[in-house]
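K.L.:
Below, each chain spelled out in residue letters.
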Amino acid sequence: DAGVIQSPRHEVTEMGQEVTLRCKPISGHNSLFWYRQTMMRGLELLIYFNNNVPIDDSGMPEDRFSAKMPNASFSTLKIQPSEPRDSAVYFCASRISGGAGETQYFGPGTRLLVL
Amino acid sequence: AQSVTQLDSQVPVFEEAPVELRCNYSSSVSVYLFWYVQYPNQGLQLLLKYLSGSTLVKGINGFEAEFNKSQTSFHLRKPSVHISDTAEYFCAVTSNNNDMRFGAGTRLTVKP
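Heads up: the sequence lines are chains F and G, in that order.
Each residue of the first sequence is one higher than the last, beginning at 1 in this note's numbering.
Each residue of the second sequence is one higher than the last, beginning at 1 in this note's numbering.
Cβ pair distances, simulated, as ranges:
id	chain 1	residue 1	chain 2	residue 2	range
1	F	D63	G	A17	43 to 51 Å
2	G	P112	F	D63	49 to 57 Å
3	F	K78	G	L51	30 to 38 Å
Honestly, the hints are just simulated from the structure, not real lab data.
Beta carbons: idealized from backbone N, C-alpha and C, even for Gly.
All chains, full assembly: derive it from the sequences and hints.
P.N.:
Right under this line is the structure:
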């Protein structure tokens with residue numbers, strides 16, 4: 001199994017540009033999570049999907065952030081316009097929807113730097 | 001909502017020594033507890049988890065953790081560490097609301 005796949009692995013952009021992060025969950029997993037990791041705030045849950053439907057987006061910082069899951073094998077996290085404070089590592093994780101006790105499997109992350 | 005406190009931000013230890021990484025949680029409902037490890041430039045990998053049953057949980061790489069409900073703790077232990085155990089360790093808690101909360105992390109550094 002390839003595990004959770006994220007792209008790109010690194011992204012450097014200028015303030016004001018649109019950024020799109022991509023995630024392919026593990027096949028057969030139907031819950032997907034987006035996290036952001038920074039030194040100041042640690043790991044924060046941004047949004048999670050169950051069966052492609054957003055269940056909880058209360059962690060999304062503001063309207064500049066949006067996430068979609070058009071099908072079971074693909075999700076995007078978009079930042080428009082990007083700001084320097086969005087610089088962080090963004091992780092995608094997936095799990096089977098057996099409940100909260102199921103293990104989340106993390107991708108390698110996308111390291112975003114906004115100049 | 002639940003929360004997690006990792007009491008030590010950094011733990012330096014010599015190779016082959018025992019180690020304990022401390023984690024305390026708060027929650028008003030039944031919880032599931034997890035320990036994840038993060039190696040440099042990688043995602044998080046599950047070490048072990050507690051769902052129910054035996055309070056002593058064994059995980060990968062020789063790690064184990066004990067759930068203590070009265071002390072609301074879930075400390076991670078290993079009797080003899082290796083250089084390769086150097087990494088960041090995260091304790092996490094969730095309940096049936098699927099809102100997983102992570103601690104701030106403990107950086108374990110194993111020295112030769």
